[in-house]
Structure formats: structure tokens, C-alpha cells
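Chains as they are written, first to last, in our numbering: chain X, 1 to 319; chain L, 320 to 828.
Any given hint could be a false lead.
[To be verified] For the chain L half of the interface with chain X, some residues (derived, Cβ under 8 Å), not all of them:
(1) Val520
(2) Asp605
(3) Ser617
Derived from the structure by calculation, the hints contain no laboratory data.
Yeah, the Cβ is synthetic: ideal placement off N, Cα and C, and Gly gets one too.
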Amino acid sequence: MLSRVADSLYWMARYMERAEHSARLLRVRLEAMVSQGDLESSEEWRRMLHALADVQADDPSADPRDITFRVAFDRANPSSTLRSLMAARDNARQVREQISSEMWEHINRDYLKLTAMDFDWAWSGNPAQTFIDIGDGIWMFQGITHSTMRHGEGFDFIELGTYIERAQLVARLLDVYLSPPQEDGPKFAAPGYFDWINLLKQCTGFEAYCKVYTAQVAPRKIAEFLIFDPEFPHSVRFAVDKVQSALEQIAPGAPQTRRAACARMAGRLKAFVDFSSMDEVAAGGIAPFLASVLKQCEQIHGAVYESYISYGIEDLLKG
Amino acid sequence: MSSEKTVLSPEAEELPEDDAAAGGRFARPGIDEPFDAYLIDHTYDECFQPNLWSRPHYAKLHELLSSLPVEEVQRRQLACEQSFLHQGITFTVYGKDSSTEKIIPTDLLPRIITGAEWARIEAGLKQRIAALNLFLADIYADGKAVRDGIVPADLVYGAKHFRKEMVGVAVPRGAYVSVCGTDLIRDEAGQFVVLEDNLRVPSGVSYMLANREVVRRAFPALFRESRVRPIERYPQLLLETLRSLAPPGRENPRIVLLTPGVFNSAYYEHTFLARQMGIELVEGRDLVVSDGRVCMRSTGGLEQVDVIYRRLDDDFIDPLVFRADSVLGVPGLFDCYARGTVVIANALGNGVADDKAVYAYVPALIKYFLGEEAILPNVETYLCRDPKQLDHVLANLDKLVVKAVGESGGYGMLVGPHASAGERAAFGELVKADPDNYIAQPTISLSRAPCFVDGKFESRHVDLRPFILTGAETVVVPGGLTRVALRRGSLVVNSSQGGGSKDTWVLSE
Numbered sequence: 001m002l003s004r005v006a007d008s009l010y011w012m013a014r015y016m017e018r019a020e021h022s023a024r025l026l027r028v029r030l031e032a033m034v035s036q037g038d039l040e041s042s043e044e045w046r047r048m049l050h051a052l053a054d055v056q057a058d059d060p061s062a063d064p065r066d067i068t069f070r071v072a073f074d075r076a077n078p079s080s081t082l083r084s085l086m087a088a089r090d091n092a093r094q095v096r097e098q099i100s101s102e103m104w105e106h107i108n109r110d111y112l113k114l115t116a117m118d119f120d121w122a123w124s125g126n127p128a129q130t131f132i133d134i135g136d137g138i139w140m141f142q143g144i145t146h147s148t149m150r151h152g153e154g155f156d157f158i159e160l161g162t163y164i165e166r167a168q169l170v171a172r173l174l175d176v177y178l179s180p181p182q183e184d185g186p187k188f189a190a191p192g193y194f195d196w197i198n199l200l201k202q203c204t205g206f207e208a209y210c211k212v213y214t215a216q217v218a219p220r221k222i223a224e225f226l227i228f229d230p231e232f233p234h235s236v237r238f239a240v241d242k243v244q245s246a247l248e249q250i251a252p253g254a255p256q257t258r259r260a261a262c263a264r265m266a267g268r269l270k271a272f273v274d275f276s277s278m279d280e281v282a283a284g285g286i287a288p289f290l291a292s293v294l295k296q297c298e299q300i301h302g303a304v305y306e307s308y309i310s311y312g313i314e315d316l317l318k319g
Numbered sequence: 320m321s322s323e324k325t326v327l328s329p330e331a332e333e334l335p336e337d338d339a340a341a342g343g344r345f346a347r348p349g350i351d352e353p354f355d356a357y358l359i360d361h362t363y364d365e366c367f368q369p370n371l372w373s374r375p376h377y378a379k380l381h382e383l384l385s386s387l388p389v390e391e392v393q394r395r396q397l398a399c400e401q402s403f404l405h406q407g408i409t410f411t412v413y414g415k416d417s418s419t420e421k422i423i424p425t426d427l428l429p430r431i432i433t434g435a436e437w438a439r440i441e442a443g444l445k446q447r448i449a450a451l452n453l454f455l456a457d458i459y460a461d462g463k464a465v466r467d468g469i470v471p472a473d474l475v476y477g478a479k480h481f482r483k484e485m486v487g488v489a490v491p492r493g494a495y496v497s498v499c500g501t502d503l504i505r506d507e508a509g510q511f512v513v514l515e516d517n518l519r520v521p522s523g524v525s526y527m528l529a530n531r532e533v534v535r536r537a538f539p540a541l542f543r544e545s546r547v548r549p550i551e552r553y554p555q556l557l558l559e560t561l562r563s564l565a566p567p568g569r570e571n572p573r574i575v576l577l578t579p580g581v582f583n584s585a586y587y588e589h590t591f592l593a594r595q596m597g598i599e600l601v602e603g604r605d606l607v608v609s610d611g612r613v614c615m616r617s618t619g620g621l622e623q624v625d626v627i628y629r630r631l632d633d634d635f636i637d638p639l640v641f642r643a644d645s646v647l648g649v650p651g652l653f654d655c656y657a658r659g660t661v662v663i664a665n666a667l668g669n670g671v672a673d674d675k676a677v678y679a680y681v682p683a684l685i686k687y688f689l690g691e692e693a694i695l696p697n698v699e700t701y702l703c704r705d706p707k708q709l710d711h712v713l714a715n716l717d718k719l720v721v722k723a724v725g726e727s728g729g730y731g732m733l734v735g736p737h738a739s740a741g742e743r744a745a746f747g748e749l750v751k752a753d754p755d756n757y758i759a760q761p762t763i764s765l766s767r768a769p770c771f772v773d774g775k776f777e778s779r780h781v782d783l784r785p786f787i788l789t790g791a792e793t794v795v796v797p798g799g800l801t802r803v804a805l806r807r808g809s810l811v812v813n814s815s816q817g818g819g820s821k822d823t824w825v826l827s828e
């Protein structure tokens, strides 16, 4: 598979995951806001913005409408849902011949729909519904990808992109709920009962959590579930496992030395998550644990690029 | 989908013996709805005869259009456009702050050609491409045609697109032009004549196929009854053509399509063809030359490439040989090509033979190389390089179309009858300053065909670009891209200048 094609498929998947994540956080936030007081609500908006690494997260003058616009529809904000979807579609367009027509037509239609959307109109009704629709559209795309594209190397790059992105997004989200306030970091009020439920909802995990732990809301159990559950698709561990197995499939023809570099890093991250327990994480500090997950994801990304995508020709001749 | 059948109302018209026997249909374009806005004059009309009856091969379409409610036609036209939009068959219009994507205008009414007409077109195209391939091989080898005085030497060796680097390069099967798009028009007598040869990087074939796809869906019953010859095999034929050009000894040749990238206006076509042929779509940055071979950078390392179907102009192919500032090409590619480790199709340097001045000599070249008369005639052409012809051109600017020889896409031309006196005078100065660079042709009013415009059936000028493939053999898919000048009265069909396209039906008999 062409390195450039692998690059585009990988980023298409990452941007799709990013767009879906921001739409999902907005949806949960907008639904929760309806039954919250102003103070409580603004604290949670701020928490959401930090989870999305928004540069204006601490702007006190922003109201929910401004924030929603900025996070979802602002073309000037490079990490808005709209811009993420546009970037995903741009990448898809560059590998138009590699993905199925069904995938292309779906992403293209979603793009046309979202770029034509009138924000005032979306806001005036039930704004949460807009984000349900956007999220459903992206899930459908991921489903169409599973059902219509060959599960070959291109598909593995899509899996890799999706789950590296997801591991990082979930880790960042957990960080703003679970980590104790840092000296130089943002400070939030301790999350309340509903905030914990909303955290689960932001990971599409409320129902799945109840099946494992019953509806008993305990922060430590929620943390354990969202970090370690091996079967829940939005847990850190699930994503890390997927990253590792995608990397095993990728570039079967590449020289062993190159494959080993990536495999080593993915194996290390998997072992790091597999062999940690909630007790250890709690004892060592949850913030350093999540920070290490984020850093290792970055390193895997770097190794993949060095081995398969942006390698120099001279390196290759050396073997 | 039997809706067409149910709305058809067989009209019991008294047909005069001869027209009825021929299968034409009584019609009064320009008077009766929904053809009341249809313009008919001395120009050849694809659909209607001079006596205003429909031509026999258009009778079924005419009957259908006369009975379908206009809203229904509108609905089907909209469905065509939606389909194009969703498939991303668009070009990008770059604005100040943002860019928008527009669909290539498409008209859902098919342009119909009889089997007999097509047989002549096909024979004529095969003959022409055979002569042009022999001519190109001759230019870059012995130069016999020039020595024998068939074509002036300076016209060939002084041409903008002559590539001295190609002299002595072996081209597999002599197929310089493996993919050709020849522009045909009908003159006022209805005869197909050649307007232009496109021997370099012709485009438009994806629109031919996309139009067929949507129009078949718009008129399924009519399509079936009309016994239209299929064109869907084009991608397979192109792949076979490219495969037949592979360097000897390569069992399973790797064939790639080289595109300038996503910003190119024909990018959709590149992705379409690569997908349909199942070959890799590569950009210059995906290819490297290693050890005298062209390879592509893959996740597993370098993989050798054997045949490159390039959709990149000569100038950009290799910055070491041609334009040094090209970032689209591959350094060292030409050297591999000259040594024969990789094949590039179309060959480089073809532009010398589709030059608008060389065009005038093609009938003579056919005679010279094949000993045959040209089956498809040329449009009469005045060469401004000849002082006598130049005088004639300058004295008749109001009647002629004047074109710069090295340009394409409808640029650098003057349509005399449609230009103002000032424009004509200014263009006349350009011609006088550099007569070698211009040719002139009488204004031929391209034939007209019915189009659906703003809820009415109107007549618009059309041309025809069939695609000819040459590898182990020469094949022409029965059809082509019918380009339409959608602006009323306009003769310019180029998509860069307000043109659209429509499906072309070649009938089985």
C-alpha cells in the first residue's frame, strides 16, 4: 500500500473519531444543561472545554450558545466538529479510489449537510438533536467502513487511526474528572453525582457500566471501568488492544527491523495497561498514569510514521 | 420502473407515407409545447429534419418528451444533479475566503447517433490515429514525411511541443498515442468532421461513463427499447491497452495512474479510472527512481512500477529534463523511460502532432502513410504562416474563427462573428505580429441537439469527443462525450467556459 494512502486513511479515521467525540460531548452537555443551575452548568462547560483542549476554555464571558458554535461549527476553530469532518473528508477525497463508493458518498453527504446547516436554526430547536444526528452519521460511516471495505492493510490503518485517537480522547476526558488539581493546571469543583453519570454518558458507557457494576455510582469503579474494561469499546484498554492488533497486521512486507520498532512500543503500552490495577493507579496517581498513556500513543504515532510513511529512501537501502 | 410506459399516450397522427415509413414523428418545434421555445434554422439539428419532422432515430425520445409532464422531467434532471453532487463529480471554485464545489453541468437528454453514422466515425478515427502514430514515430526517427515535403520542417521541429529528448526513444508498439480524444463536429450538411485531435492528456471519459449511469436511470424503458450499445467496458479496455505496453519480461506488470493531485480539475476522473481499473493512483511524490528503475513508496518499502498512465503534462514529468520547478513530477523518470525500464502512456512529445497548424496536414499524412483518402474530413483551415492565406484571414476576420496553434481548452481564440469590431482589430494585430502562431477556420455552426433548460426543451450546440485506445490493437468504445454549449447561442463547449455535457447513445443498428 502506498505510504501516502496509508497516511490519508489514518488521518481520515482520526478526524472522524475526533468529530464524533466532540459532537458526543456537546450532546451530553446540552442535554444535562437543561436540568442544571447556571453555576454548576458553567463549571461543566469549562470541564468539557478542557477535555477538548480548547484554547479559550477559561473565557468567562462565553455563554453556552457561543461555546457550542465555537466547538461545533466555527470554521476558524481548527478543532471544531465541522473542521474535523472537513479534514476527514479531504483525506477521504485524496484516497477516493481506495475507499468504497458507499463510504465516500456517505462522508460526502454528511459534509454537504453540515456545511449547509444554519446554526441559528439548529440552536432554536433542540440543539442536542443536531449532535445526535451528527454522531449517528459518523457511526454509520464507521459501520459502512466495516461492511464495505476490504479488511486489508488500508482498513488496519483506519483502525489504527480510530483507536489511537480514541485512546487519547478518552484519557484526556478522564483526566479532567479524575486527576486531582495540579499546581499550574485548571481547577474544577469536585464532580457531583450527575457529573459522574454524565462522564459515563460522554463515553456512551452508562448502560454498559450498569451491566458490570449495577447502577451504583462510585467514582473509583467508574474510573476502573473506563480505563480497564477489556470489552467496552470506549475504554482505554479496549482502544490500546485495538492499536496493538492493528499494528500486527500493518505492512507485512516491511523489513523486520521496522516492524519490530512499532510492535515494541505498542506491546509496551498494552503491557502497561494490562498489568496495572486500579489499586496501583490510585496509589501512583491517576494523572501520571493518564499522561503516560498519552505520551506512549504519541510515540507509537511517531514510530509508525518513521517506519512506514515518511521514511527516507537512504534508510531503506540500509535495510 | 414502468412509469414511462404508463404515461405514454400513443397519438394517432396521420403520417405521410414516406416519413411514416422511415419512422419519423410529426412535430412542430418552435410552436408546439413542450418544444415551443426550440430554435430551428439552417443549422443541422440532431433531432429534427428540415421539414420539422423528428428524425427516425429520435422518434422514441421525442414521443416520450412530448408526453412526460415537465415536472417529471425536472425531477429526473434534479436526481441526475444530486447523484453527481453526492458522488463528488465536481470542480472547485476558489473564492476569497472559502471554496465551493460545483457539479459539472449535465443535461439528461441523450444525444443519439445511428449505427450507420457510428460505423463511419469509428473507421475514420481508427484510420486517423493509425496515421498520427506513424507520423509521430517518423518525427522522432527518420523524419521522412518532412523530407518528402508533406509537412514543412519548421512546423514540426519548431513546434512548442516538439521534444528533442524523444528522438531515438523506443516506444512500445509504436503506440505514441495510446489514449486519444478526438473532437468531432457536424457541419451544416450533417457530415461529421474533425475539429481537433487531442493526443496529449485527453480527459472527459469519466463524464461519458457518469452520464450514462445517470441517464440510464432517468430513462430506463427508453434506454432498453433503443438498444443502445454499451460503453461500460472502457476501463477494462484501457487496462488491457496499458498492459499490452508493458516492458517485455515483466510477468505481472504493475500499472499506475500518475495524477497531479487533488487540486487538479480532472482529479475526479483520475480516482474514478484508478478505482475502475483496480490500479494504484500515484502522485509524483509517491514515486522515486532507485537503481535505474521507477518505484513507488509503499508501507512495505519500494515496489517497482512498469507502466505509468500519466495524467500530467510533458512539462511536469521530470524536473531534471523538463521544467525544473515542477514539484509534481519524478526526478530521473525520463531517464528510466528512455532506457525502457518503464513505459509512459501517452508517450512524451505528442503535442507536435495535435498542433492546430499540423492539423491542416493530417489528410495529407493519411494519404502519405496509409495510401488512403481521409474518411473523416478536416474543417477547412487557413494557415496564417502563408502570406496569401494571412491576407485572406485578416480581410475576413468577421467570418472566421482564429486560433492560436499551441493552445487548447478554448483559450487564445477569436470567434469573429461574435466579437466586437474592437476585439477583432486587437486580435488582428496579434495575428500580424506572430502569424506562424495562428490558424483560421470558417465559423461552422456546430449542430444542435435538444437540451432541458429552465423547464423547456431548447436547442443547444454540441460536439462529440470519442475516445480511441491503441495498444496491441486500436479500439473505440461506441459513444463519447457530447459536450454542450449551455449558454444560448454560444458555440464554446469547453467546461472551463460554461459548457456542459450529455450522454451519447450509439444505436445497435
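These are the hints, each one checked on the structure:
1. Val520: Status violated, d = 18 Å.
2. Asp605: 5 Å, holds
3. Ser617: 6 Å, holds
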